[in-house]
Every structure is written in structure tokens, then in C-alpha cells.
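Keeping their order, the protein sequence lines are chains A and B.
Just so we're aligned, residue 771 is where the first sequence starts under this note's numbering, counting upward by one.
Just so we're aligned, residue 771 is where the second sequence starts under this note's numbering, counting upward by one.
These are computed hints drawn from the structure, not numbers from a lab.
Computed from a predicted structure; not experimentally measured.
Just to be clear, a hint being listed does not mean it is correct.
For identical chains, the list gives no copy identity; a pair is met inside one copy or between any two copies.
[To be verified] Dumping the calculated EDC-like pairs for lysine to aspartate or glutamate here, alpha-carbon to alpha-carbon at most 20 Å: (1) K830 to D805; (2) K847 to E813; (3) K826 to E815; (4) K780 to D845.
Each chain, written out:
Number of protein chains: 2
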Amino acid sequence: MKASVTVTLKPGILDTQGQAVRHALLSMNGRQITDVRVGKLIEIELDEDDEVAAMKIVTKMCDKLLANPVTEDYDIKLLK
Amino acid sequence: MKASVTVTLKPGILDTQGQAVRHALLSMNGRQITDVRVGKLIEIELDEDDEVAAMKIVTKMCDKLLANPVTEDYDIKLLK
Numbered sequence: 771m772k773a774s775v776t777v778t779l780k781p782g783i784l785d786t787q788g789q790a791v792r793h794a795l796l797s798m799n800g801r802q803i804t805d806v807r808v809g810k811l812i813e814i815e816l817d818e819d820d821e822v823a824a825m826k827i828v829t830k831m832c833d834k835l836l837a838n839p840v841t842e843d844y845d846i847k848l849l850k
Numbered sequence: 771m772k773a774s775v776t777v778t779l780k781p782g783i784l785d786t787q788g789q790a791v792r793h794a795l796l797s798m799n800g801r802q803i804t805d806v807r808v809g810k811l812i813e814i815e816l817d818e819d820d821e822v823a824a825m826k827i828v829t830k831m832c833d834k835l836l837a838n839p840v841t842e843d844y845d846i847k848l849l850k
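Assemble the whole structure, with the sequences as input and the hints as a guide.
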């Protein structure tokens, strides 16, 4: 089974990387851009066929390693 | 309009960050993990209501700044 995890900064947390990208886009004529936020996408291949078990494993990994629970939110999607 | 862009390494390109995450997960008992790949998620707020125009702007930005066309693939999703 494959899991796709997105990790994003919580709303209200200053996203310096996003601000840098926004400035770069503005300087190349992207005047329509009002906000940019940058997050991580982590694709995990799991040797586990049960959806509930896979979700449990990936949730534990997010809590312990992949996301910082103080500043980041995560979202897990399981794909066959 | 909001655009969600995912940038991932092309298949076959060595993902050192993904390998590092995989090793860290294996060391915390994630024996089921067979592969990890790490990419970027970029959320862009655009002051543009037309879907075709928005897609054109974001595609240009991906080609010129957000992704490296030699090593990376990108995927754009427009959200209202």
C-alpha cells in the first residue's frame, strides 16, 4: 500500500520559505500572486495490506518524525 | 483562486532525503516501510478567477521557478 502524506505549517505560523518564493514570483511578473505557502509531500510505500493498520503506522510516524506537532499539520491519504 | 502544486523527483532520480527518512523510520521499528520519496507542496493564492488563465500562470511559474524540469515532475490542482 502507498501513503501520501502532506505536511503544512499551521495557519498563523510565519512561512519564510513561502514568502521567499512569493517575492521571487512577484519579481517575475506574477502580480496576481497574493500568498504562497510551502509544505512537504512524503510518499511512503508500505508492505501492509490492511488500511486500518497502515493508517495507524503512518499516523505514528507523522506524530514522531515526519511533522512537528507544535507548528505543523499533516494529512494522510492512502492509495492502493 | 487557489492552486496546489506538488513537485516530485522523477522516477529513477536518487532521492537522498527520502532515503534518510526511510532509514530514520526503519530505526523506529517501521519494518513495513519499503520506500520513501520526499517532494514539495506549494500552495499559491492567485487573484485570478479564470481557470484557464490561472493554469497558464501557474504552469509558467513551475517551468521557470518552482520545479527543475531536468530532475523534477510537477502536478497542478486548481481549487476554488
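Outcome of the hint check:
1. For the homomeric pair K830 and D805, the shortest alpha-carbon distance between copies (17 Å) is at most 20 Å, but the shortest distance inside one copy (31 Å) is not.
2. Proximity of K847 and E813 under a CA criterion of 20 Å is satisfied in both settings, with 10 Å inside one chain copy and 18 Å between copies.
3. Taking identical chains as interchangeable, the C-alpha atoms of K826 and E815 lie at most 20 Å apart only when both belong to the same chain, with a minimum of 14 Å there against 33 Å between chains.
4. Proximity of K780 and D845 under a CA criterion of 20 Å is satisfied intra-copy only: 12 Å inside one chain copy versus 23 Å between copies.
Checked against the numbered hints above, the structure violates none of them.
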